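S.K.: The listed protein sequences correspond, in order, to chains A and B. Under my numbering, think of the first position of the first sequence as 1, with each following residue one higher. Under my numbering, think of the first position of the second sequence as 248, with each following residue one higher.
Derived by calculation from the structure, the hints in this document are not laboratory data. Model, not experiment: these values are computed from the prediction. Hints may contain errors.
As the list claims (entries may be wrong) - Simulated restraints on C-beta separations:
#	chain 1	residue 1	chain 2	residue 2	range
1	A	Gly11	B	Ser340	47 to 53 Å
2	B	Gly394	A	Leu245	34 to 40 Å
3	A	Glu14	B	Gly300	53 to 59 Å
4	B	Gly258	A	Asp227	16 to 22 Å
Said to hold, decoys possible - Computed footprint of chain B on chain A; a stretch qualifies when at least three of its residues, placed anywhere within it, have a C-beta under 8 Å from a C-beta of chain B:
#	region
5	44-50
6	133-142
7	224-238
Don't be surprised by glycine CBs; every beta carbon is placed ideally from N, CA and C.
Protein chains: 2
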Amino acid sequence: MPEVRVIGLEGLPELGPGDDLGALLAEACARAGGLEAGDVLVVAQKAVSKVEGRLVRLADVEPSARAVELAGEEGDPRQLEVILGESAEVVRSRPPLVIARTRHGFVCASAGVDASNAKGPETVVLLPVDPDASARSLRERVTELTGVAPGVVVSDSFGRAWRQGTTDIAIGVAGLRPLRDLRGTRDSVGYELRSTMIADADEIAGAAELVLGKSAGIPAAIVRGVDVSGDGTAQELVMPADRDLFP
Amino acid sequence: MPEVRVIGLEGLPELGPGDDLGALLAEACARAGGLEAGDVLVVAQKAVSKVEGRLVRLADVEPSARAVELAGEEGDPRQLEVILGESAEVVRSRPPLVIARTRHGFVCASAGVDASNAKGPETVVLLPVDPDASARSLRERVTELTGVAPGVVVSDSFGRAWRQGTTDIAIGVAGLRPLRDLRGTRDSVGYELRSTMIADADEIAGAAELVLGKSAGIPAAIVRGVDVSGDGTAQELVMPADRDLFP
Numbered sequence: 001m002p003e004v005r006v007i008g009l010e011g012l013p014e015l016g017p018g019d020d021l022g023a024l025l026a027e028a029c030a031r032a033g034g035l036e037a038g039d040v041l042v043v044a045q046k047a048v049s050k051v052e053g054r055l056v057r058l059a060d061v062e063p064s065a066r067a068v069e070l071a072g073e074e075g076d077p078r079q080l081e082v083i084l085g086e087s088a089e090v091v092r093s094r095p096p097l098v099i100a101r102t103r104h105g106f107v108c109a110s111a112g113v114d115a116s117n118a119k120g121p122e123t124v125v126l127l128p129v130d131p132d133a134s135a136r137s138l139r140e141r142v143t144e145l146t147g148v149a150p151g152v153v154v155s156d157s158f159g160r161a162w163r164q165g166t167t168d169i170a171i172g173v174a175g176l177r178p179l180r181d182l183r184g185t186r187d188s189v190g191y192e193l194r195s196t197m198i199a200d201a202d203e204i205a206g207a208a209e210l211v212l213g214k215s216a217g218i219p220a221a222i223v224r225g226v227d228v229s230g231d232g233t234a235q236e237l238v239m240p241a242d243r244d245l246f247p
Numbered sequence: 248m249p250e251v252r253v254i255g256l257e258g259l260p261e262l263g264p265g266d267d268l269g270a271l272l273a274e275a276c277a278r279a280g281g282l283e284a285g286d287v288l289v290v291a292q293k294a295v296s297k298v299e300g301r302l303v304r305l306a307d308v309e310p311s312a313r314a315v316e317l318a319g320e321e322g323d324p325r326q327l328e329v330i331l332g333e334s335a336e337v338v339r340s341r342p343p344l345v346i347a348r349t350r351h352g353f354v355c356a357s358a359g360v361d362a363s364n365a366k367g368p369e370t371v372v373l374l375p376v377d378p379d380a381s382a383r384s385l386r387e388r389v390t391e392l393t394g395v396a397p398g399v400v401v402s403d404s405f406g407r408a409w410r411q412g413t414t415d416i417a418i419g420v421a422g423l424r425p426l427r428d429l430r431g432t433r434d435s436v437g438y439e440l441r442s443t444m445i446a447d448a449d450e451i452a453g454a455a456e457l458v459l460g461k462s463a464g465i466p467a468a469i470v471r472g473v474d475v476s477g478d479g480t481a482q483e484l485v486m487p488a489d490r491d492l493f494p
């Protein structure tokens, strides 16, 4: 029977700026029995952001008038100021909630700025500056240390329009094909398929979350048995403006 | 190491109205080594719709003026007429593409009407009338035949605002908790979590798609190792109007 396995990587230490995350992941993979050809390594965004030093102390932030307005009565204006700094565009707001388009083109709550699990209540975590570059860099380091070149996905939890709850999706990709393009293929009865592009990288990130979410001590997982050989970036998962029905 | 497994169920016959899908799934589970307590059975919507007879022959459809308009030059007005019949509201249209809110409250392309993999080019497949009821019914039948009561998810491929490609999500749920509610819990460093609800059922559906998508001959999969004990429906995954920032 065809099978996909998601194997959580435990035992990583609490991470901080400058830590060699690639080496820590390589060690964790070894403890999990080793990487195999075709494996995809999914790493939580927060782990990547921490080692890249993408942390802001709220004490250092001076909120603008707009941040004060967006915070409303419940929000922290300093946190909203950080969110505005990460936003290319505010798509929706209902104080203190902001849905923003980040400079990467991702539309998500708080422009990806996260107050949870940071180093102290007065610190927030930002998305990596270039999550695709983060994924490439981790891939190179893991390959160097293990001799196996995995696909790498940097994942984050995003809300969706019209649906409750978040799912993890891919914000950074290296060494795998993020989209499965079925255009022109035909299904078993011979008719043109409706769903022409499958977001494999997002489904892989979501599958990994089922393991990552079990404990804060599991910042990464191996996804084994998917066929995503190829290459690409998470930018391919951003809807191009000319196809966007929800600008 | 914590692990989740997705096991594809092969060997089901081509399905048609009235087939005992629950019995076929029970047999397929037996061939895969048997169901275990805590397993979730993910079944593709199209398989469910076919056995429930949710098929429409386009030759029997008389298109309205609005269907002709929405079809534009490229679409089939009869197919658009079926889509309108399944829609509570057209959310966006760019002929022949329609994004609609179905009577279930799902916002998706073509109101879930699918022309692929149907029984002939002149037949389309509709979503089940009540996918939660479909899931409950399959769960009861599988439990009756195997003695194990799995969670059941009926899955379909939905596009997303702002992102390219579809991911599979849950349109019907039985015998599992579709959302993981983290409100009030605190993470490992002790701060309030940002992401308060995780759409487990959607991540499970997406994980299953990684196996279902490998071949048209795999209409279902077992997802093993997730902790979603509880109960609920896919209606809980529909964003309530008062929380919806994208009405």
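S.K.: With reference to the structure, classify each hint as holding or not holding.
M.R.: Taking the hints in turn, this is what the structure says about them:
no., hint, in the structure
1, A/Gly11 to B/Ser340: 47 to 53 Å, "52 Å, holds"
2, B/Gly394 to A/Leu245: 34 to 40 Å, "47 Å, violated"
3, A/Glu14 to B/Gly300: 53 to 59 Å, "56 Å, holds"
4, B/Gly258 to A/Asp227: 16 to 22 Å, "21 Å, holds"
5, 44-50, "violated (count 0)"
6, 133-142, "violated (count 0)"
7, 224-238, "holds (count 6)"
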